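Top line first, the protein sequences correspond to chains A and B.
Under my numbering, the first residue of the first sequence is numbered 38, with each subsequent residue one higher.
Under my numbering, the first residue of the second sequence is numbered 38, with each subsequent residue one higher.
By construction, these hints were calculated from the structure, which means they are not laboratory data.
Some hints could be false.
Below are the DSS-like pairs computed for lysine-lysine, each with C-alpha atoms no more than 27 Å apart in a straight line [unchecked claim]:
(1) B:Lys96 / A:Lys555
(2) A:Lys162 / B:Lys253
(3) A:Lys555 / B:Lys162
(4) B:Lys101 / A:Lys555
(5) A:Lys253 / B:Lys555
(6) A:Lys111 / B:Lys488
(7) B:Lys111 / A:Lys488
(8) A:Lys101 / B:Lys555
(9) B:Lys120 / B:Lys134
(10) A:Lys194 / B:Lys296
As the structure is a prediction and not an experimental result, all values here were calculated from the model.
Protein chains: 2
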Amino acid sequence: MYRTHTCGELRLSNSSQEATLSGWVQRVRNLGAMTFVDLRDRYGITQLVIDDESSEELKSLVAKLGREYVIQAKGVVRERSSKNNKIPTGEVELEVKEITILNESVIPPFTIEDESDGGDEIRMKYRYLDLRRNPVRNNMILRATMAHHIRNYLNGKQFIETETPVLIKSTPEGARDFIVPSRMNQGEFYALPQSPQVFKQLLMVAGFDRYYQIVKCFRDEDLRADRQPEFTQIDCEMSFVEQDDILNTFEGLTRYLLKEMKNVEVDEFPRMPYSEAIERYGSDKPDIRFGMEFNDISETVKGNNFKVFDDAEYIGAICAEGCATYTRKQLDGLTNFVKKPQIGAKGLVYVKCNEDGSFKSSVDKFYSQEDIKKWADQCDAKAGDLILVLSGDKGHTQNALCELRLEMGNQLGLRDKNVFKPLWVVDFPLLEWDEDAKRFHAMHHPFTSPKAEDYHLLETDPGKVRANAYDLVINGVEIGGGSVRIFDSELQSTMFSLLGFTKEQAEYQFGFLMNAFKYGAPPHAGIAFGFDRLASLFAGLDSIRDVIAFPKNNSGRDVMIDSPSIIATEQLDELSLKLEVKED
Amino acid sequence: MYRTHTCGELRLSNSSQEATLSGWVQRVRNLGAMTFVDLRDRYGITQLVIDDESSEELKSLVAKLGREYVIQAKGVVRERSSKNNKIPTGEVELEVKEITILNESVIPPFTIEDESDGGDEIRMKYRYLDLRRNPVRNNMILRATMAHHIRNYLNGKQFIETETPVLIKSTPEGARDFIVPSRMNQGEFYALPQSPQVFKQLLMVAGFDRYYQIVKCFRDEDLRADRQPEFTQIDCEMSFVEQDDILNTFEGLTRYLLKEMKNVEVDEFPRMPYSEAIERYGSDKPDIRFGMEFNDISETVKGNNFKVFDDAEYIGAICAEGCATYTRKQLDGLTNFVKKPQIGAKGLVYVKCNEDGSFKSSVDKFYSQEDIKKWADQCDAKAGDLILVLSGDKGHTQNALCELRLEMGNQLGLRDKNVFKPLWVVDFPLLEWDEDAKRFHAMHHPFTSPKAEDYHLLETDPGKVRANAYDLVINGVEIGGGSVRIFDSELQSTMFSLLGFTKEQAEYQFGFLMNAFKYGAPPHAGIAFGFDRLASLFAGLDSIRDVIAFPKNNSGRDVMIDSPSIIATEQLDELSLKLEVKED
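Please construct the entire structure, taking both the sequences and the accompanying hints into account.
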């Protein structure tokens, strides 16, 4: 037996008991007369002490111990003379009688401490050592615990967790499918699922009524900072439900998780139409932990011969409380921020609301104090506040103002990671105009149903049609999204023709699911949560990578195992494939 | 709202209440004065009744209903005049006021009943309709329930469920790897994991202590009857443990599952060395629901000038209780059975132990009654029993006798699906001699540790070395297997050289894991259960296909979605790949 207790288990009540521990050497302190060894495992740290009267054999063994050696120590638990109240085992130590070195360790490339000295790259290469660090491992434990709570909740609501296939069919739509050549079916390919969408809808046709799955999905796309080629979804679908049933069920799940994991109780989630979210926050995933909402001051500011404003389609202002004291340098910083290429504003207009009731703005030569007073009134600005104004075409300006608002939220400490403000964004547009292709795309997917009250617009003004589609947003992060599906084949045909499909194309691309729908498809709706993102939000992290045990980098590489990699020509031969990499 | 209750919910206590149900039309019975509709959903069936006094509109709507139509029915619950005590809702019916057809259905290609008239092929093509049938859906629910119990049990024992990557690295060993071309890394490939073996060992190096995962694995191989290219494992690993800790933990899990799922309590699982299993049952996965053990009667029967026996390396007999009454035809049937090519025995010798104490055998001209009496004694055969004897070279004969024993178990009804007899088979050989390659292969994998007491044989007689490897067998089905891993690099080097690797080859193939082991690898051991197989065993099914929602056929095809399939040349171009299917 390697151990009688873990390194996190012994207490004062175990005093005088014999115990055997196993773990990693965190630290050795040789104080001459005695030597202390901090022994670590997943559960904690226990102090071993090798007294002066120990055998020479034991002492010389201890002298050999290095960081991260794996050892077994037998001895007797005793009360410490100098207690450490920072750790649960801090009142005791193990008076060692015998040590066995189970495995040696070469010197690790970075320190195995809560704050490591290793850079990102080296830590990813030696991920198995990075995972030894408490904060990293704790993120994985948090993720596992969340998954368990999610399953408990959904099982309790009669959802059936059902595994859907990973080797599926590539669709012509599937430009970002990973494909998998089949050896048994030469010249044919599977694809890895971007989501189990088709299968979960089939499970509704099959009468499963309530389905969920915590499932790996795959997308072969250029990776932005926070994407992974393989990611995990909490995928759900329900039959005989309307939009509110989905919202209520998954609001329930989210509240349950917040309570269980973070001990946070949240009020009913606000439900905000997409159009309102754009007007108030310039985003379909607003961070509502703080206000600083947009004010459209176009009508107020136009007509004063300030050409920038007069020519602008949209002029939006936000009010940053108490920031009238911002220095020239700080204001220049904000101007540079909004001018960054990825934000793309041309400039920033500011108004300081001075304590004496006067205003100081960057456009004082165009506007009088009375003019500016109107802006301040419209923005509910008080003495001491700072008004920031962006202008230009509507879409870009709203985007830029949204980024500025978030930046101000950061600067003012209004985005506390321990505060959780969930929000349902609803009534998304059904269609999105693709300027390049000169046609509509489905904003969610082609099976999303339009709102019944907008049916009449389908033929006349399709861009105005709202969908029964919804997103769950927490703290400005899109956690999940879904829709009520079309289950009526006539409406589905209309949708396909709106999306520019001929009957034949629709049949070719979606015939299989449409065929299933002929056999009595129930009304159904669903949602999928990004589990990596939800876990990173709960862990207070910025990147999903930190809640994935073995993540890939921005090039889709696992630098630890060095994958992807070249393979033997024989392997390709067996699949009847030949590599033809073009020279650039 | 589509429904106030499910179709399995209404009881006599709901009488006079208004209710709205939604579901599928199972059956319509028009009795002239009234019409009955059986409405079905996942939860049950409720009888709808449309009375004679109903509106003509309602009556004509009901006349249109066909099988599998999806409808919503509003009405009042009332007591039935003729009750059906076979279903929980059988005391009531819904007196219908209003019906809405939610979706029509074309006539399904087979009946949606517990016993369907559909053949295997058509049911797989329309799997979404097959899944509507109660027994099929119930298998999926059983599977989901099992997964939930497994997670509860392992979470309760401080195992951390950790997701390992699906896009990993192909190894030269990985002849049966599915490979996945990378778009972002042209000319390079990921592989899908045959198991998370490397990652779970790395998690032990990382100090996770206890890991599990219910995880999809992949193998691109010719499929035998009961294999799937993608399958699900319950994958586990523990640190600071010995073989007994693994056996005890997972015996605990299995007993817990048997109790929770089947209400079966099982005694401590027997632990049988591999060599003993082979001697007694001719198999490393014996079905111990019944005895009929092997008797090696070589010494007893040789030397009577019966050349078949005299030349045989091994002569084995089993005793089938009460089968002395077997007819000529039945005995011929058994002879044909053992002569089938896949069993491959040359013939079958039998001895009937007559009620009068005499014997009738197929080799009476070589053996006297006294001779045969000795066989009978050795086999513990009583009057009325039938002794069946096979002979030949040892391995093949034991295999054939094993098949014959199982066949007799079937014929005698000794293999009751409601009886569960688990067994640990332990002490597997470490190595397997490969006659073609003239070298040893690792029987489990190259990281499996040899038994300490056999170390001395490693150099002198490696074929005799036993491993710390074990299988869990239930009712003759291999449910899982695992081993205590090597964590000492010197022993690992010895293993590699035994397996015929040069230092360079070992480094190339396993260098990555060996490198991780240099940083303080703890002693560790693990096991993996075939979840599909475990679920099919618990469901009393013969094939794993029946516990998989969307399985593939023997050619690795999903006939429902028609996958794998050809893909567009552009998709291959983007991956720098070219198809070169050889003409046969």
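Hints versus structure:
no., hint, in the structure
1, B:Lys96 / A:Lys555, "holds (24 Å)"
2, A:Lys162 / B:Lys253, "holds (25 Å)"
3, A:Lys555 / B:Lys162, "holds (15 Å)"
4, B:Lys101 / A:Lys555, "holds (16 Å)"
5, A:Lys253 / B:Lys555, "violated (32 Å)"
6, A:Lys111 / B:Lys488, "holds (24 Å)"
7, B:Lys111 / A:Lys488, "holds (24 Å)"
8, A:Lys101 / B:Lys555, "holds (16 Å)"
9, B:Lys120 / B:Lys134, "holds (21 Å)"
10, A:Lys194 / B:Lys296, "holds (23 Å)"
Hint compliance for this structure: hint 5 is the single one not met.
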